[in-house]
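2 protein chains.
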Amino acid sequence: MIKDRSSKHGAPVTMKDIAKEAGVSVATVSHVVNNKPGARIGEETRQRVHEAVELLGYRTNALAKNLSSGSSRFIGLVADAIATTPFAGQIIHGAQDEAWKHGYVLLVANTDGNQAAESDAIAMMLEHQVRGILYSTWYHREIEVPDPLLQTDTVLVNCFSTGSGLPAVVPDEEQGGKTATQELIASGHQRIAFINTTTPSPALTGRLAGYRSALEDAGVAYDKSLVIPATPEQEGGYEATTAVVASGATAVFCHNDRVAMGLYDGLRVRGLDVPTDVSVVGFDNQEVIAAHLRPPLTTVALPHYELGAAGIRVLLGIDPEQDKGTYLIDCPAIRRQSV
Amino acid sequence: MIKDRSSKHGAPVTMKDIAKEAGVSVATVSHVVNNKPGARIGEETRQRVHEAVELLGYRTNALAKNLSSGSSRFIGLVADAIATTPFAGQIIHGAQDEAWKHGYVLLVANTDGNQAAESDAIAMMLEHQVRGILYSTWYHREIEVPDPLLQTDTVLVNCFSTGSGLPAVVPDEEQGGKTATQELIASGHQRIAFINTTTPSPALTGRLAGYRSALEDAGVAYDKSLVIPATPEQEGGYEATTAVVASGATAVFCHNDRVAMGLYDGLRVRGLDVPTDVSVVGFDNQEVIAAHLRPPLTTVALPHYELGAAGIRVLLGIDPEQDKGTYLIDCPAIRRQSV
Numbered sequence: 053m054i055k056d057r058s059s060k061h062g063a064p065v066t067m068k069d070i071a072k073e074a075g076v077s078v079a080t081v082s083h084v085v086n087n088k089p090g091a092r093i094g095e096e097t098r099q100r101v102h103e104a105v106e107l108l109g110y111r112t113n114a115l116a117k118n119l120s121s122g123s124s125r126f127i128g129l130v131a132d133a134i135a136t137t138p139f140a141g142q143i144i145h146g147a148q149d150e151a152w153k154h155g156y157v158l159l160v161a162n163t164d165g166n167q168a169a170e171s172d173a174i175a176m177m178l179e180h181q182v183r184g185i186l187y188s189t190w191y192h193r194e195i196e197v198p199d200p201l202l203q204t205d206t207v208l209v210n211c212f213s214t215g216s217g218l219p220a221v222v223p224d225e226e227q228g229g230k231t232a233t234q235e236l237i238a239s240g241h242q243r244i245a246f247i248n249t250t251t252p253s254p255a256l257t258g259r260l261a262g263y264r265s266a267l268e269d270a271g272v273a274y275d276k277s278l279v280i281p282a283t284p285e286q287e288g289g290y291e292a293t294t295a296v297v298a299s300g301a302t303a304v305f306c307h308n309d310r311v312a313m314g315l316y317d318g319l320r321v322r323g324l325d326v327p328t329d330v331s332v333v334g335f336d337n338q339e340v341i342a343a344h345l346r347p348p349l350t351t352v353a354l355p356h357y358e359l360g361a362a363g364i365r366v367l368l369g370i371d372p373e374q375d376k377g378t379y380l381i382d383c384p385a386i387r388r389q390s391v
Numbered sequence: 053m054i055k056d057r058s059s060k061h062g063a064p065v066t067m068k069d070i071a072k073e074a075g076v077s078v079a080t081v082s083h084v085v086n087n088k089p090g091a092r093i094g095e096e097t098r099q100r101v102h103e104a105v106e107l108l109g110y111r112t113n114a115l116a117k118n119l120s121s122g123s124s125r126f127i128g129l130v131a132d133a134i135a136t137t138p139f140a141g142q143i144i145h146g147a148q149d150e151a152w153k154h155g156y157v158l159l160v161a162n163t164d165g166n167q168a169a170e171s172d173a174i175a176m177m178l179e180h181q182v183r184g185i186l187y188s189t190w191y192h193r194e195i196e197v198p199d200p201l202l203q204t205d206t207v208l209v210n211c212f213s214t215g216s217g218l219p220a221v222v223p224d225e226e227q228g229g230k231t232a233t234q235e236l237i238a239s240g241h242q243r244i245a246f247i248n249t250t251t252p253s254p255a256l257t258g259r260l261a262g263y264r265s266a267l268e269d270a271g272v273a274y275d276k277s278l279v280i281p282a283t284p285e286q287e288g289g290y291e292a293t294t295a296v297v298a299s300g301a302t303a304v305f306c307h308n309d310r311v312a313m314g315l316y317d318g319l320r321v322r323g324l325d326v327p328t329d330v331s332v333v334g335f336d337n338q339e340v341i342a343a344h345l346r347p348p349l350t351t352v353a354l355p356h357y358e359l360g361a362a363g364i365r366v367l368l369g370i371d372p373e374q375d376k377g378t379y380l381i382d383c384p385a386i387r388r389q390s391v
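Chains D and Z, in that order, give the protein sequences.
Residue numbers for the first sequence follow the working numbering, beginning at 53 and rising by one.
Residue numbers for the second sequence follow the working numbering, beginning at 53 and rising by one.
Rather than coming from a laboratory, the hints here were simulated on the basis of the structure.
Some hints here could point you the wrong way.
[Claimed, not checked] Reference excerpt, derived from the structure (chain D facing chain Z, CB under 8 Å, subset only):
| no. | residue |
| --- | --- |
| 1 | HIS83 |
| 2 | ILE144 |
| 3 | HIS154 |
| 4 | VAL157 |
| 5 | MET176 |
| 6 | GLU268 |
| 7 | VAL272 |
| 8 | ASP317 |
| 9 | ARG322 |
| 10 | LEU324 |
| 11 | GLN338 |
| 12 | VAL340 |
| 13 | ILE341 |
| 14 | HIS344 |
| 15 | LEU380 |
[Unchecked claim] DEER-style ranges, computed between Cβ atoms:
| no. | chain 1 | residue 1 | chain 2 | residue 2 | range |
| --- | --- | --- | --- | --- | --- |
| 16 | D | ALA168 | Z | VAL272 | 21 to 31 Å |
| 17 | D | ASP382 | Z | VAL272 | 20 to 30 Å |
| 18 | Z | ALA238 | D | GLY377 | 51 to 61 Å |
| 19 | D | VAL321 | Z | ARG193 | 47 to 57 Å |
| 20 | D | LEU324 | Z | GLY165 | 41 to 51 Å |
| 21 | D | VAL321 | Z | ALA298 | 23 to 33 Å |
Where is the CB? At the ideal position from N, CA and C, for every residue including glycine.
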């Protein structure tokens, strides 16, 4: 804690002030403050310098350091929608924790799909000599890479661009779909409906592939009449209930937690109980919904925190390179009481 | 769009390169690039310089500019929990949009209540000579101001600290509670229950004061047996249903949307319909819940985007000073189909 705030209202505190306060030379202050390797300075002296730094509120000039080293301690994160989804925050959180761990600060820009804002954000990050940029979308999809991103090291997070050569960190939708289905198979279900989204996306195809793969591994024949298309919201799940009940399924894998929430309501008005009559598994682990439905929903988590953290590791070259620059992040099962 | 990316892989582009490309002097390039006032340079020449800048991918050195001016184009935002709430993202979003509008970039740090991380984050922001810092919490509460924040201009967002002298931008809980209750009164209800939180907070006291104020304005006597305490989650709302039904209330103001979601389930198992039998109003406008319940929930919005945006305006001295440095932000009614 800095007690004296002379640095705010008076003249800036200099190394000379620190040296005077600590009773050492300016060179010694410089060595201690800049943590120079090899400088032979006793522990007690270091302590005195640190105390003087705290007392006077001296700050090293990070900008001057950036200038002399030619790059900064910033990493940029450009996201297309922070406000419209509870997920984006977790990508930021993961990226930031990991960035801090390696001595970097995250510069975040939200663009809401506005191309001018996006260009401005990227230009500003480049001006500030960022170490690199994470470019992230709020749902997993293919993107066109904005030109200016090619001027620095860029990692795509929760999105990808075929042929761009840029590394992409994305959720493993197929593994996630397989995991969800296996949760139901493991409880003895064989007639398992899948309420899938109608929105063309890696989630639509990947989760379906995972569903089929799990059935195949269990020796259950694929019956395409059990795949019920629905808009990926509560309303879609509610409307799909008729088809689910007509199919004779004893269990349902829902494209996401919101669909499961709608299905819960649809089953309830028909007097059907979860999980006694029908078992339900969701996808996303949207905490505010999944953990608080009646009964709490078993689901598969979208690993947003991990996507952000892995993005930083890939950017800094910490994670070993994976297949063609695509880094698949596991979607783990979250067990509650709906199976 | 920058077509030639020589700046990435070759030597950095200099003003000399720009001058050569544009067929002008280095001094002219400097004047145009730095937008020097008073420099008499023709529009056509400026245009040529800008084209050369775009072609060669030249970037002014923002760090050098910061150094010479002694302050940066950064504003810091320190938040205590980005990951655990869908709300924090909207504070960031609002702050960022407003910061950009005034030529600033937002530096975001998430601390998760970790004091060491918080100190580090603030120190780093100070090192980078931020214009000031917004300090924000994910729910509205009183805080102890971390000492280092006093070294720069600080605005508290969604929190406050009595006696600190720091300006605070907070939601107007009382007005919000009054608005929620008035929505029910306007539909002809007089016996209105209020499921309030059990967590001591400005939300608990403020919304209760607003509820009482609306009743008083309408000439309805306050009956404290109609105020039902509950944990502020779905489970609390579900459990409160018994007391709500026993009270004979025809309408319920719920402390938040999650409580309303639990109450919906509780009413449904008792065969009661919303809004035919009981009208319900929530609080928060947590989109993913409120807009998608059956029926969609009428609620009062917590103005997170506006909190972030107003925080920036207060920091930059754009908003006129309000009463004792406390800026109350309106919580508007969002009408759907539960009343």
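Within 21 to 31 Å: is that where the Cβ-Cβ distance between ALA168 (chain D) and VAL272 (chain Z) falls?
violated (52 Å)
Please test the hint of 23 to 33 Å on the beta carbon pair from VAL321 (chain D) and ALA298 (chain Z).
holds (25 Å)
Would you check whether ARG322 (chain D) satisfies its interface hint, that is, whether its CB is within less than 8 Å of any CB in chain Z?
violated (13 Å)
Given hint GLU268 (chain D) near chain Z, where the shortest CB pair must fall under 8 Å:
violated (34 Å)
Min Cβ distance, VAL272 (chain D) to chain Z: is it shorter than 8 Å?
Result: violated, 32 Å to nearest chain Z Cβ.
Just to be careful: measuring from the Cβ of VAL340 (chain D) to every Cβ in chain Z, is the smallest value less than 8 Å?
holds (7 Å)
Hint HIS83 (chain D) vs chain Z: min CB-CB distance below 8 Å?
Violated, about 19 Å.
Hinted contact LEU380 (chain D) with chain Z - closest CB pair below 8 Å
violated (22 Å)
When you take the CB atoms of ASP382 (chain D) and VAL272 (chain Z), is the distance between them in 20 to 30 Å?
violated (56 Å)
Answer holds if the nearest beta-carbon of chain Z is closer than 8 Å to that of MET176 (chain D); otherwise answer violated.
The hint holds - MET176 (chain D) has a Cβ within 8 Å of chain Z, the shortest such distance being about 6 Å.
ASP317 (chain D) as chain Z interface residue, shortest Cβ-Cβ below 8 Å:
holds (5 Å)
Should the interface hint for HIS344 (chain D) be scored as holding, given a Cβ-Cβ cut-off of 8 Å against chain Z?
holds (4 Å)
Going down the numbered hints, you'll see the structure goes against 1, 3, 6, 7, 9, 10, 15, 16, 17, 19, while the others check out.
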